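Protein sequences, first through last, are from chains V and W.
Under the working numbering, the first residue of the first sequence carries the number 1, and numbering increases by one thereafter.
Under the working numbering, the first residue of the second sequence carries the number 1, and numbering increases by one thereafter.
Rather than coming from a laboratory, the hints here were simulated on the basis of the structure.
Treat the numbers as computed from the prediction; the structure is a model and nothing was measured.
Quick reminder that beta carbons are idealized off the backbone N, C-alpha and C, glycines included.
There may be inaccurate statements among the hints.
To give an idea of the interface, some chain W residues facing chain V are shown, with a C-beta separation under 8 angstroms as derived from the structure [what the hints assert, rightly or not]: (1) Leu39; (2) Val147; (3) Thr238; (4) Asp239; (5) Tyr290.
Computed list of chain V residues with no C-beta within reach of chain W, every gap over 12 angstroms [as the list claims (entries may be wrong)]: (6) Pro41; (7) Glu97; (8) Ala117; (9) Ser129; (10) Glu170; (11) Ser179; (12) Gly189; (13) Pro199; (14) Lys229; (15) Arg251; (16) Asp263; (17) Lys315; (18) Gly321; (19) Cys381; (20) Pro383.
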Amino acid sequence: MSEASTARGALAWAMLAVPALLLAACARGPAPVAFHADGYPTKLSDWNVVYRDGDRLALNARVVPFDLNTPLFSDYAHKLRTMWMPEGASARYEPREAFDFPVGTILSKTFFYPVAAGENGVARTDDTSRDHAGEGLDLRNVRMIETRLLVHRQQGWVALAYVWNAAQTEATLERTGASVPLQLVAADGSREPFTYQVPDQNQCAGCHASNNTTRVIKPLGPKARHLNKDYAYASGSENQLAHLVELGYLRDVPARGVPRNADWRDAANASLDGRARAYLDINCGHCHNPEGPADTSGLWLDSFDQDPRHLGLCKPPVAAGQGTGGHRFGIVPGQADESILTYRIDSDDPGVMMPELGRDVVHREGVQLIRDWIAAMQGNCDPQESATMPM
Amino acid sequence: MRIMLVLAMSGLLAACGDGHREAVTAADAEFQKTLQQRLLDAKPGDVIDIPAGRYHLDRSLSLRVDGVTIRGAGKDKTVLSFKGQASGAEGLIVNASDFTLENLAIEDTKGDGLKVNEGENIAIRGVRVEWTNGPDTGNGAYGLYPVQTRGVLIEDSVVIGASDAGIYVGQSKDVVVRRNRAERNVAGIEIENCIGADVYDNVATHNTGGILVFNMPDLPQPGHTTRVFKNRILANNTDNFGRKGSAVSAVPAGSGVVIMSNDEVEVFDNEIADNQTANVLIASHYSAGYDSKYKPSAAFDPYPEYIYVHDNRFSGGGDSPDGLELKALKVAMFGLNGHMPDVLWDGYANAKRAGGPQICVQGASGVLNADGPNKNKNPKSDAKPFDCKLDPLPAVALKQA
Chain V
1 MSEASTARGA
11 LAWAMLAVPA
21 LLLAACARGP
31 APVAFHADGY
41 PTKLSDWNVV
51 YRDGDRLALN
61 ARVVPFDLNT
71 PLFSDYAHKL
81 RTMWMPEGAS
91 ARYEPREAFD
101 FPVGTILSKT
111 FFYPVAAGEN
121 GVARTDDTSR
131 DHAGEGLDLR
141 NVRMIETRLL
151 VHRQQGWVAL
161 AYVWNAAQTE
171 ATLERTGASV
181 PLQLVAADGS
191 REPFTYQVPD
201 QNQCAGCHAS
211 NNTTRVIKPL
221 GPKARHLNKD
231 YAYASGSENQ
241 LAHLVELGYL
251 RDVPARGVPR
261 NADWRDAANA
271 SLDGRARAYL
281 DINCGHCHNP
291 EGPADTSGLW
301 LDSFDQDPRH
311 LGLCKPPVAA
321 GQGTGGHRFG
331 IVPGQADESI
341 LTYRIDSDDP
351 GVMMPELGRD
361 VVHREGVQLI
371 RDWIAAMQGN
381 CDPQESATMP
391 M
Chain W
1 MRIMLVLAMS
11 GLLAACGDGH
21 REAVTAADAE
31 FQKTLQQRLL
41 DAKPGDVIDI
51 PAGRYHLDRS
61 LSLRVDGVTI
71 RGAGKDKTVL
81 SFKGQASGAE
91 GLIVNASDFT
101 LENLAIEDTK
111 GDGLKVNEGE
121 NIAIRGVRVE
131 WTNGPDTGNG
141 AYGLYPVQTR
151 GVLIEDSVVI
161 GASDAGIYVG
171 QSKDVVVRRN
181 RAERNVAGIE
191 IENCIGADVY
201 DNVATHNTGG
211 ILVFNMPDLP
221 QPGHTTRVFK
231 NRILANNTDN
241 FGRKGSAVSA
251 VPAGSGVVIM
261 SNDEVEVFDN
271 EIADNQTANV
281 LIASHYSAGY
291 DSKYKPSAAF
301 DPYPEYIYVH
311 DNRFSGGGDS
321 PDGLELKALK
331 VAMFGLNGHM
341 PDVLWDGYAN
351 AKRAGGPQIC
361 VQGASGVLNA
371 DGPNKNKNPK
381 SDAKPFDCKL
391 DPLPAVALKQ
401 A
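Work the whole structure out from these sequences, hints included.
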């Protein structure tokens, strides 16, 4: 064969091969994940992190799902969390803070509900058994509300919220937030109308800038203590940190001493105190810590050891206003009904409730956990020597 | 850069109807979205103008960009009403420096009216924050609320109906609060855990307590050095409608100036009149019912010290103290028809402090030491221990003043 014919033959072969490769790519999924180094892409599909594949919301190649030992409560929404990094990039392990993710990282969180009967009906359930199709979502069973992205750009993290359309075919950027009327339907058929509030971009920062002085936005969920658990990957169940290390997404994980928060519901394997502290850590600790937006209160609810007073025990409020509910102290040992903490997490009034954002309904099971925790505490708040009060 | 929000004004005006339920119309929703978008996209130096009109919002506004001015057409002309607020704990929350808010009103927020959490060089002028139904325990807590800021100017503003404090500056440095009017709040003006505050030319009237200078425990910054002068602090006799447990819920109705656990406070050249408990109260943490089994950190000083009250124009007041203990104290000391002297001190003092509490009072009708540590057993109305003078405190200088 002459050189020319060889070249011609190779070209012809290549021309034949191109459509075949494209077909193969379509069967695997869409184009690769697109990292946008600036700007505000208006469609979630502009990023290609997740994509619609028939009745499924599928994860693109190298998009890794994860979840948390104890997650943040958001109006009973279920969540699909994912992590993606550019080829060759990896995050560095941190013992307390979010991992040190490289520029180019895209974290996603899709908020969805199992569907229920009736207009805007969504199920009030912790059962996730029918949610998933592979590592994605089974859209025959669930309704997606929004997908939030945290994107690590050269200038820092940016938070973007995309709201899904009614047909569940595309999600559109809503930088100023959105209100989605829904009805929570309980197992007994009872209905509770509520308005799911998609946060605006500043409200995202309001929680994710856990240092209120630097105002630097950081991820909240992907910390060692939240991720240290098994996940049911398509390839089988495995510890999430080990899995990320194998994929090359995470480095410098120590052989031992990796912290692990309790699963707030797992009474069989975790103490009441461990579960309550894990619940307060994820729901409150990103603001209520010595640097966070709620450091003005002197109440610190992250999971690290503190003195009882900073945890709220017999601590008078600083600026709770009507949020005291008529109670004198953050936590009164043994008396959940006399504790400001219980009052504020059990409220759905925007002027009273805690957290200030991110929920429209009360998390009854979470409130019960905190009630049980306070009820189990010994003692009282009486000062050893009582003082007279002319005021 | 100057940004003007242009909107369909006819639709907005139509929305201010009979004053009952204030529905959020499509035009309101568009305004809210447009305004929040401006706040997100603002660049340092931007002025965001909001034309005259009444706008109904149902969720908090927020700003996180330095160097932005938000300006209305006047505190009775540009009104942001949050009567139908469904989300967010404030009307406007700011986490930014070099921020100015002027010439508009914030009404009926579920929580605080304006909160500025951290930042330097904050100016608030010509702003009205109001809960339009008057005093009510269900009203939002604070009207104007800068906290952990440095360089704060609040002037020519009006705050009405706050269920905690109308103007509340907390944990800040270099603060000027002047020419404001605070009425029908629980606390009219409150300076808490601040270092360097000048409060002058204000009118505080018909609050539960007129002007408060407090220190609270467990916070990173203990406050000191506050001057309260040239104010009119009149008839602050509104029943305490603060939610029980809040810091101000312990303030007796009829309090003019209240100093609690704070140090280096100078109160002078004010007109203080007709506050029915006492024109001036000086108290410790112990008198407010905050004491508990788990103590504040040892760094917290519960005692008021280096307090100088002089050259004020006092009249009336002290004739009908709030609460049974104070009523009994008044009757026991001064008879049924008598009245408390201008200054009431709870009597708690740090025995280890050389020189005592250094509470000096000049030009008042008297000082009552309530003897709180001994359950009011031996109250004394002897003014002699307080007949002393202290050096004047320095003035606050602000960049934006």
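Going through the hints against the structure:
A hinted interface residue such as Leu39 of chain W counts as satisfied when its beta carbon comes closer than 8 angstroms to some beta carbon of chain V; here the least separation is about 7 angstroms, so the hint holds. A distance limit of 8 angstroms between C-beta atoms decides the matter here; for Val147 of chain W the minimum to chain V is near 5 angstroms, and the interface restraint holds. Checking Thr238 of chain W against chain V by beta carbon gives a least distance of about 16 angstroms; that is not within 8 angstroms, so the hint is violated. About 15 angstroms separates the beta-carbon of Asp239 of chain W from the nearest beta-carbon of chain V, more than 8 angstroms, and the hint is not met.
For Tyr290 of chain W, the interface hint holds, the least distance from its beta-carbon to any beta-carbon of chain V being 4 angstroms, beneath 8 angstroms. The beta carbon of Pro41 of chain V is kept farther than 12 angstroms from every beta carbon of chain W, the shortest such distance being approximately 16 angstroms. Distance check on Glu97 of chain V: its Cβ is at least 20 angstroms (rounded) from any Cβ of chain W, clearing the 12 angstroms threshold; non-interface status holds. Consistency note on Ala117 of chain V: stated as away from chain W, and its beta-carbon is indeed over 12 angstroms from all of that chain's, at 26 angstroms minimum.
Separation of Ser129 of chain V from chain W is adequate, the least Cβ-Cβ distance of about 32 angstroms exceeding the 12 angstroms criterion. Glu170 of chain V, annotated as away from the interface, keeps every beta carbon of chain W farther than 12 angstroms; the closest lies near 20 angstroms. The claim that Ser179 of chain V lies off the interface is violated: its Cβ sits roughly 7 angstroms from the closest Cβ of chain W, which falls inside the 12 angstroms cut-off. At roughly 26 angstroms, the least C-beta separation between Gly189 of chain V and chain W is larger than 12 angstroms, which holds for a residue marked as non-interface.
Under the 12 angstroms C-beta cut-off, the non-interface status given to Pro199 of chain V relative to chain W is violated; the minimum distance is some 9 angstroms. Against chain W, the non-interface label of Lys229 of chain V holds: every CB pair exceeds 12 angstroms, the least being about 32 angstroms. Every Cβ of chain W is farther than 12 angstroms from the Cβ of Arg251 of chain V; the closest lies at roughly 32 angstroms, confirming the non-interface assignment. Every beta carbon of chain W lies more than 12 angstroms from that of Asp263 of chain V, the smallest distance being close to 29 angstroms; the non-interface claim holds.
Distance check for Lys315 of chain V against chain W: the nearest CB is about 6 angstroms away, which does not clear 12 angstroms, and the non-interface claim fails. With 12 angstroms as the threshold on Cβ separation, the claim that Gly321 of chain V sits away from chain W is violated: the shortest Cβ distance comes to roughly 2 angstroms. Once the 12 angstroms rule is applied to beta carbons, Cys381 of chain V is inconsistent with being away from chain W; the minimum gap is 4 angstroms. Separation of Pro383 of chain V from chain W is inadequate, the least Cβ-Cβ distance of about 4 angstroms not exceeding the 12 angstroms criterion.
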